[in-house]
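Undergrad: The chain contents come next:
Protein chains: 2
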Amino acid sequence: MDTKPPYAIAIHGGAGTILKENMTEEKESAYLAALDTALSIGETVLKNGGSALDAVEKTISYMEDCPLFNSGRGAVFTHDGKNELDASIMDGSNQMAGAVGGVSTVRHPIVLARAVMEKSPHVLLSGRGAEQFAEENGLEIVDPSWFYTEDRWNSLQKVLEKENQNGKTGDASPVINSDHKFGTVGCVALDSQGNLAAGTSTGGMTNKRWNRFGDSPVIGAGTYASNDACAVSCTGHGEYFIRYSVAHDLWARVNYLGESLETAADYIINQKLKEKGGEGGLIAVDKNGNIAMPFNSAGMYRAYSKPGEREINIYKE
Amino acid sequence: MDTKPPYAIAIHGGAGTILKENMTEEKESAYLAALDTALSIGETVLKNGGSALDAVEKTISYMEDCPLFNSGRGAVFTHDGKNELDASIMDGSNQMAGAVGGVSTVRHPIVLARAVMEKSPHVLLSGRGAEQFAEENGLEIVDPSWFYTEDRWNSLQKVLEKENQNGKTGDASPVINSDHKFGTVGCVALDSQGNLAAGTSTGGMTNKRWNRFGDSPVIGAGTYASNDACAVSCTGHGEYFIRYSVAHDLWARVNYLGESLETAADYIINQKLKEKGGEGGLIAVDKNGNIAMPFNSAGMYRAYSKPGEREINIYKE
Chain A
1 MDTKPPYAIA IHGGAGTILK ENMTEEKESA YLAALDTALS IGETVLKNGG SALDAVEKTI
61 SYMEDCPLFN SGRGAVFTHD GKNELDASIM DGSNQMAGAV GGVSTVRHPI VLARAVMEKS
121 PHVLLSGRGA EQFAEENGLE IVDPSWFYTE DRWNSLQKVL EKENQNGKTG DASPVINSDH
181 KFGTVGCVAL DSQGNLAAGT STGGMTNKRW NRFGDSPVIG AGTYASNDAC AVSCTGHGEY
241 FIRYSVAHDL WARVNYLGES LETAADYIIN QKLKEKGGEG GLIAVDKNGN IAMPFNSAGM
301 YRAYSKPGER EINIYKE
Chain B
1 MDTKPPYAIA IHGGAGTILK ENMTEEKESA YLAALDTALS IGETVLKNGG SALDAVEKTI
61 SYMEDCPLFN SGRGAVFTHD GKNELDASIM DGSNQMAGAV GGVSTVRHPI VLARAVMEKS
121 PHVLLSGRGA EQFAEENGLE IVDPSWFYTE DRWNSLQKVL EKENQNGKTG DASPVINSDH
181 KFGTVGCVAL DSQGNLAAGT STGGMTNKRW NRFGDSPVIG AGTYASNDAC AVSCTGHGEY
241 FIRYSVAHDL WARVNYLGES LETAADYIIN QKLKEKGGEG GLIAVDKNGN IAMPFNSAGM
301 YRAYSKPGER EINIYKE
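Each protein sequence line maps, in turn, to chains A and B.
Per my numbering, residue 1 is the first one in the first sequence, and the count goes up by one each step.
Per my numbering, residue 1 is the first one in the second sequence, and the count goes up by one each step.
Keep in mind that the hints were calculated from the coordinates and are not lab data.
Take these hints with a grain of salt, some might be off.
Since the list can't tell identical chains apart, any single copy or any two copies may satisfy a pair.
Listed below are the simulated PhoX-like cross-link pairs for lysine-lysine, each with C-alpha atoms no more than 25 Å apart in a straight line [said to hold, decoys possible]:
id, residue 1, residue 2
1, K47, K27
2, K20, K168
3, K272, K287
4, K119, K162
5, K181, K119
6, K162, K272
7, K82, K276
8, K162, K316
9, K119, K168
10, K58, K287
11, K158, K119
12, K27, K274
13, K168, K27
14, K168, K316
15, K27, K181
16, K287, K276
17, K82, K181
18, K58, K276
19, K274, K316
20, K272, K47
21, K119, K58
22, K168, K274
23, K306, K287
24, K119, K82
25, K119, K276
26, K119, K274
Please work from the sequences and hints to get the whole structure.
TA: Following this line, the structure appears as structure tokens:
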């Protein structure tokens, strides 16, 4: 029988074709350090008796500012050369939730998602309206150029070049995610009061069009939390995570089938989704402080911590 | 043991405080006739061996054109006096899905949702981008004034007046859905091939702000379909349906708990949601052609049909 720890926290920084042979030592160190700092921020909140919700919001806020991750500053570019950000957060204690899709002027989409949850009668706001809500509520507004990084801009140029080449041979279909890297950040936490929370934030997919939203702003797909079972944050090919309501499905398998968090999470990611071609992973913590972080891609930036245990990893073990 | 019928179809036209004493005979007749026509459209597709997906799309397209329902023409107005339409569709045979949120120029949002599913690599498109996708794919574009109806415009004016009154007494909170009418249209169907499909379309809530999306464009919340269990379309206070992933939850209870469609649907609407204050209802059909249409509000515009059975109703029986 497990003893429930006073806190537990897990984070991810995206999944995909992340291979050691393609990584410089310098870059690897930078990622490990950023994951370490992010995790520490959440741990500090929780060790001081803070709420899971605060831990999730503060941890993700840091990751949004870190240009290594595809969220906030460092987000990927759309086909039109913009950064359109999505985020969501859910409070497992009352199943309140907030989400935003397609914002380009709000420094911390995760803070905006929480404001939507706490200060509006709505769950999901989008585009310019979501930005107006941020302004009305005094959130930090930035020039869209704040989100620009040279790396992500170059990634878009490469994809556009490929599309252009394809176009010459008559293939007009958009090139989406040709590098199989699904950048997203997420955090799940259990606090000393027994409350669970989950949050997710992303820039989506390089070269996305038509104001596309992935699973990150979709409660039940990219994010879910309920004190009766678990808190979940996903990363991967968002369309699959929406079609299979992955975050809610994990909750349902734990709650209805009585599966352990690890069994249920492993089944969804490594069987159900894998068979369908849905690449990605998730992080989850259950009400007893158990943590699962399965992924079916080559790697996933990830870390977790509870009293006496602390790990930071990138590749498959 | 039930025998599986060659087809089954159910539709809804929204739930809420729909009381016989507030209805004129003329209006009641108009609603009953519109539901009858809508149902007939789907029945004809299915009786002729057409697909559940076609039945859902064609039935909802008719309802979108009918000014009685809050979807397409006849949609409610936002705080800024616009019509912003949401819709989604899901094919139970392969769990492909398409959805759009916040479009103002596309005559049939449900047709656009299907185009997103079939002609884009994405599931959920929003706002201006979704409209551009519609244009690129040759869908019918209309002037935003196409969606205007005097009735809905007057409803907005009443709500704005109330907000203005509240403002004078210091209450600045938005007045959302003060009349407890949740207009939405939806259709679920089982075809002779054993395929299930579900679709939902709406104008959202009168006086909504900040480009709010409800549950209708959220796969897993307002719409879900999978041949292994059931197809679902919801109507009601969308924020609750998102927070509890209602459509996917019904699928999960049938699939994981082995509950009958009726037991599961009744539990979710009349216990789980009711206890939380989540007003509304849903329609669902399972793989064996069983139909459930529970609602916890005073009324729900609804109808269903399968060989030998056909009913159209508005109020609680």
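Undergrad: Now tell me if each hint is right for this structure.
TA: Against the structure, the hints come out as follows:
1. K47 with K27: Neither: 30 Å inside a chain and 62 Å across chains, both beyond 25 Å.
2. K20 with K168: neither (35 Å within a copy, 63 Å between copies)
3. K272 with K287: Both. Shortest intra-copy (24 Å) and inter-copy (20 Å) distances satisfy the 25 Å Cα cut-off.
4. K119 with K162: For K119 and K162, the Cα distance is within 25 Å only across copies (20 Å; inside one copy 44 Å).
5. K181 with K119: between (34 Å within a copy, 23 Å between copies)
6. K162 with K272: neither (31 Å within a copy, 50 Å between copies)
7. K82 with K276: neither (31 Å within a copy, 40 Å between copies)
8. K162 with K316: neither (30 Å within a copy, 59 Å between copies)
9. K119 with K168: between (50 Å within a copy, 21 Å between copies)
10. K58 with K287: Result: close within a single copy only, 21 Å intra versus 45 Å inter.
11. K158 with K119: between (41 Å within a copy, 24 Å between copies)
12. K27 with K274: neither (29 Å within a copy, 52 Å between copies)
13. K168 with K27: The answer is neither: 36 Å in one copy and 58 Å across copies each exceed 25 Å.
14. K168 with K316: Result: close neither inside a copy nor across copies, 39 Å intra and 61 Å inter.
15. K27 with K181: within (16 Å within a copy, 55 Å between copies)
16. K287 with K276: Between copies only: 21 Å across chains, 30 Å inside a chain, cut-off 25 Å.
17. K82 with K181: Close inside one copy (18 Å), not across copies (38 Å); limit 25 Å.
18. K58 with K276: neither (35 Å within a copy, 29 Å between copies)
19. K274 with K316: Answer is within; shortest intra-copy Cα gap is 16 Å, inter-copy 45 Å.
20. K272 with K47: neither (36 Å within a copy, 34 Å between copies)
21. K119 with K58: within (18 Å within a copy, 39 Å between copies)
22. K168 with K274: Neither, since 33 Å and 57 Å both go past 25 Å.
23. K306 with K287: Answer is within; shortest intra-copy Cα gap is 13 Å, inter-copy 44 Å.
24. K119 with K82: between (28 Å within a copy, 23 Å between copies)
25. K119 with K276: between (39 Å within a copy, 19 Å between copies)
26. K119 with K274: For K119 and K274, only the inter-copy Cα distance (23 Å) is at most 25 Å; the intra-copy one is 39 Å.
Hints 1, 2, 6, 7, 8, 12, 13, 14, 18, 20 and 22, counting from the list given before, are not met by this structure.
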